[in-house]
Amino acid sequence: MGINELLEYLRRLRTEDPSYVKGEVLGSITTEPPKYLIEAYNIFVNTNLNDPKLFRNTYRLELECIEWLSKLMHGNGYRLLTYGGGESNLI
Numbered sequence: 005m006g007i008n009e010l011l012e013y014l015r016r017l018r019t020e021d022p023s024y025v026k027g028e029v030l031g032s033i034t035t036e037p038p039k040y041l042i043e044a045y046n047i048f049v050n051t052n053l054n055d056p057k058l059f060r061n062t063y064r065l066e067l068e069c070i071e072w073l074s075k076l077m078h079g080n081g082y083r084l085l086t087y088g089g090g091e092s093n094l095i
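In our numbering, the protein residues as written are 5 to 95.
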């Protein structure tokens, strides 16, 4: 299977599931992300926060996010973000 065929297969599979945009999903914990967030994600998708010395600016952004969230929640922050429920629960 070539790349184009694989992508078409994945698109077809996705169209068979409910869509937030079409109003077919109610009460889920996820929603359709705004386009600017998808673009922001794509800018950093190939970085790895497990290596903060290599990806220093990505790590810097993480620290800035923690500082902002900490101020928002009147906390002092632990300097760590996690990206999934399982990982978050383990940490």
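Among the hints, erroneous ones may be present.
[Claimed, not checked] Lysine to any residue pairs mimicking SDA-like chemistry, simulated, CA-CA at most 25 Å apart:
#	residue 1	residue 2
1	K57	P37
2	K57	E71
3	K75	T62
4	K39	T62
5	K39	Y13
6	K75	A44
7	K39	N52
8	K39	L10
9	K26	M5
10	K39	K57
11	K39	V49
12	K39	D21
13	K57	H78
14	K39	R16
15	K26	E12
16	K39	W72
17	K26	G6
18	K75	Y63
19	K39	G79
20	K26	E43
For the record, the hints were derived by calculation from the structure and aren't laboratory data.
Owing to the predicted nature of the structure, the values given are computational and were not obtained by experimental measurement.
Query - Given hint D21 paired with K39 - CA-CA distance at most 25 Å - result: 20 Å, holds
Query raised in the report: Holds or violated: are the alpha carbons of K57 and E71 at most 25 Å from each other?
Result: Status holds; Cα separation ~19 Å.
Query raised in the report: Does P37 lie within 25 Å of K57 when you go C-alpha to C-alpha?
Result: 30 Å, violated
Report task. For the pair supplied as a hint, K39 and V49, confirm whether the alpha-carbon distance does not exceed 25 Å. Result -> 15 Å, holds
Query raised in the report: Under the criterion that the straight-line Cα-Cα distance not exceed 25 Å, is the pair K39, W72 satisfied?
Result: 22 Å, holds
Report task. Compare the distance between the alpha carbons of K75 and Y63 with 25 Å, and conclude whether the hinted pair is satisfied. Result -> 18 Å, holds
Report task. For the pair we were handed, K26 and E43, check the Cα-Cα distance against 25 Å. Result -> 22 Å, holds
Requested in this report: With a cut-off of 25 Å on the C-alpha distance, tell me whether K26 and M5 pass.
Outcome: 30 Å, violated
Query raised in the report: Does K75 pair with A44 here, judged by a C-alpha cut-off of 25 Å?
Result: 23 Å, holds
Query raised in the report: Hey, K39 versus N52, does the alpha-carbon distance stay inside 25 Å?
Result: Answer holds: K39 to N52 is near 22 Å, not above 25 Å.
Query - K39 paired with L10 [C-alpha distance capped at 25 Å] - result: 23 Å, holds
Query raised in the report: Taken at face value, is the distance from the CA of G6 to the CA of K26 at most 25 Å?
Result: Violated, at roughly 30 Å.
Consistency note: the structure conflicts with the earlier hints numbered 1, 9, 10, 13, 17 and 19.
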